[in-house]
Amino acid sequence: MLEQQLVNGVMLGSVYALVAVAFTFTIGVLNFLNFSLPGLFMVGGMLTWFALKAGVPWPVALLLAVACGGLLSLLVERFTWRLMHGAGHFVPLVTSMAFLILFENLVLIAWGSDLQRVPVPFDSVSFHLGGVVVAVPQLIGLACAVAAVWCLDRVLKHTRVGRGLRTIAEDAETATLLGVGVSSVVPIVFLIGGLFTALAGFLFALNYQQASPFMGEEVALKGISAMVVGGMGNIWGAILGGLVIGVVETFSIHWFGARAVDVWVYGLLFAILFFRPSGLLGGGAIGQARM
Amino acid sequence: MSGYLEGVLVLLAINVILAYGAFLPIVAGQLNLGVAAFVAIGAYCAAWLSNTWGWHPLAAAFAATLAAGLFGWLVAFPILRTRGIYLALATFAFGQVVQGVILNLNVVGGASGYPVQAHVGFTAIACAAVLVFVLVFLLFQTRFGISVTAVSDDERAADLMGLPMRGLQSAAFTLGAGLAGLAGALYAHHFNYIEVQNYGALFSIYVVLYVLLGGTQTVYGPILGAAVFTLLPELLRGSAAWRYVIFALLIIAIMSLRPKGLVTGELVRRLLGWRTTGARA
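Taken in sequence, the protein lines are chains A and B. In terms of this note's numbering, the first sequence opens at residue 1 and continues consecutively. In terms of this note's numbering, the second sequence opens at residue 1 and continues consecutively.
In case anyone wonders, no lab produced these hints; they're calculated from the structure. Note that CB positions come from ideal geometry on N, CA and C, so glycine has one too. Only true hints are included.
Just the calculated beta-carbon pair ranges, DEER-fashion:
{"#": "1", "chain 1": "A", "residue 1": "S183", "chain 2": "B", "residue 2": "G3", "range": "48 to 58 Å"}
{"#": "2", "chain 1": "A", "residue 1": "K157", "chain 2": "B", "residue 2": "R166", "range": "37 to 47 Å"}
{"#": "3", "chain 1": "B", "residue 1": "A227", "chain 2": "A", "residue 2": "V133", "range": "52 to 62 Å"}
{"#": "4", "chain 1": "A", "residue 1": "I140", "chain 2": "B", "residue 2": "G121", "range": "54 to 64 Å"}
{"#": "5", "chain 1": "A", "residue 1": "V132", "chain 2": "B", "residue 2": "L70", "range": "44 to 54 Å"}
{"#": "6", "chain 1": "A", "residue 1": "G181", "chain 2": "B", "residue 2": "L160", "range": "34 to 44 Å"}
{"#": "7", "chain 1": "A", "residue 1": "S183", "chain 2": "B", "residue 2": "R156", "range": "25 to 35 Å"}
{"#": "8", "chain 1": "B", "residue 1": "Y4", "chain 2": "A", "residue 2": "E218", "range": "29 to 39 Å"}
{"#": "9", "chain 1": "A", "residue 1": "K157", "chain 2": "B", "residue 2": "R269", "range": "44 to 54 Å"}
{"#": "10", "chain 1": "B", "residue 1": "N192", "chain 2": "A", "residue 2": "I140", "range": "47 to 57 Å"}
Among chain A residues calculated to face chain B with C-beta under 10 Å, some are:
{"#": "11", "residue": "I27"}
{"#": "12", "residue": "N31"}
{"#": "13", "residue": "F79"}
{"#": "14", "residue": "T80"}
{"#": "15", "residue": "P92"}
{"#": "16", "residue": "V94"}
{"#": "17", "residue": "I101"}
{"#": "18", "residue": "F103"}
{"#": "19", "residue": "N105"}
{"#": "20", "residue": "E217"}
{"#": "21", "residue": "M232"}
{"#": "22", "residue": "D262"}
{"#": "23", "residue": "A271"}
{"#": "24", "residue": "I272"}
One chain only, chain A, in its complex shape (with noise of 0.2 Å):
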C-alpha cells in the first residue's frame, strides 16, 4: 500500500515538477515570481477540455493548448516586464496577478465555474508491477517533464540563446554591455514558461479528467513550494521539488486525512525557506535569485 501511495505521488509530482519549471526558469533569469502562469496552466487545461469535447483529436488540442499558452505569455511579458522594467520591483509582480484575475474570470464568463469533465480519447490504460498500479498517461506526464527540462537543459548550456539567458541571469545590465539583446532573449523566457505550464495543464486535464476555470490555484501553490524546496532557480532542482511535495501530499493525506495536507505541504515550505533557503539541490543551474 506505501508503495503505491509512493508511486500516486511521484504522479501527481510530475505536474508540479512542470509547474515549478516555469516559475524556477523566471525566477533564475529575471528574479520575477510570476503569477499569471497559473492562469496558463487554467488555459492549458480547459483548452484541451474545450478541443477534445469538440471531438479533435489529441494531438491537435495539445497543439492548441500549448501555443495558446504561449501567445498568452508573450502578452503578459508586453505589460507585466517590457513596460515597466524599473518601475520598482513590486510592480511585476502585482500585474502578473491581475493577469491571472482576468484570464480567471475570462474563462468563468466563457464558460462557467463548473467542474468540467475531461473526455480521455484513450481508455485507461493502466499496468500492474509488483502489485502497484501505475497508470501509463501519468508516467508519459512524467516522461514529458524530464524530458522537457533536459532540452531546456541543452538549450541553456549549448546554444546562443541559452548563454544569452545566463548572462542575464547573472547581471542584465552587464549583459547589455556585453551585445546581448536582452529585449529580445526576455520574450523567449515567458514563451518557454507558458509552453512549460500550459503543457502541464494539458497533463492534468487527461491525468485527471477535470478542468475549472480555477484549476491552476491549487497547482501552481504547489508549484511554488517545489520550486522553493528543490531551490529556486534550479531547473533540475524543480523537478525534484516537485516529486517530494507530491510525495508528502500523498502520504498525508494516506496518514492524516486530507484536510491535513496544506498543514504538511506549506508546513515543509516554511521549515524550507528558514532551514536551508537555497533548497535542497541549491539555487544556481541557471543563475540565483538574488532579491
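Please arrange chain B on chain A, whose structure you already have, making use of the hints.
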C-alpha cells in the same frame, strides 16, 4: 440609511482597515502575502471569545487585534530573516499553514464554518475605520513614520544612516497583523458567519493588489485603493466575473501608466500647493 448602502459602507470600512494592515508591512519593504492568515486569526479569536466566553464583541475585537498582533510579532522573527521574494513566500506559506490548522480545529467549526452570535453595527465599524486612519496618519507624522518611509525609499541607505532596521520592520509587520486581525474580528461580528476557506492566498493577493493600486507612498493611497476595490463592483452590478475582469484590466492599465499607484507623494504635494522638490518622483 438603506440597508444596501449600509452593507456597502461596512465593507468599505473593513476593507480600509485591511488595506492599512497590508500597507504597513509594504511600506517597510515586505510584501505580506499572508494577510489572510491574520484576518482569520482575528476573526476566529474574536468569534470564539464572544461565542464561548460571552465577551462583549468590541472587547473581543480588541483582544483579537492584540492576538493577531502577537502572532505577527512571533512570526516576524523567523520571517524577517528572509528577504524579498523569500519573505513573500514565507508569509504565503505561513498563511496556508494557518488556514490548514483552523480547517482542522473542530472547536471553531473546522471546515463547516463558524456562526457568530453577537452583532456589531455599522457605527462601531465606521468609527473603527476612522480611528485606524487617524492612528496611521499620526503614526506617519512621528519619527517612526519618517524612518519607515526612509526604509521603503532605500533600504540600504536607511541601514547605513543607522536606523534600527530589524525593529522597524518587525514593528510594521506586527502593527499590520494587528490591523488585519481587527478587520477580521469586525467582519465576523457584522456578518455573523465566518468560513476559513475564504481566507486563502487569493484573499491576501486581492488586499495587496488594491493597496498597491492606491499607492504606497502616502497614507491616503490605501483608502483610495480600498474604495475603488469596494465601490467598483457595486457600480458594475450584475456579473461578478465581469467586475473582476474590469478590476484586473484597471490594475494592468494603472500599473502601466502610474506604476507607483494612483496617489503618489508628488500628487499630494501638488494638490496641496506645496513646493515640489522633485526629490521623490
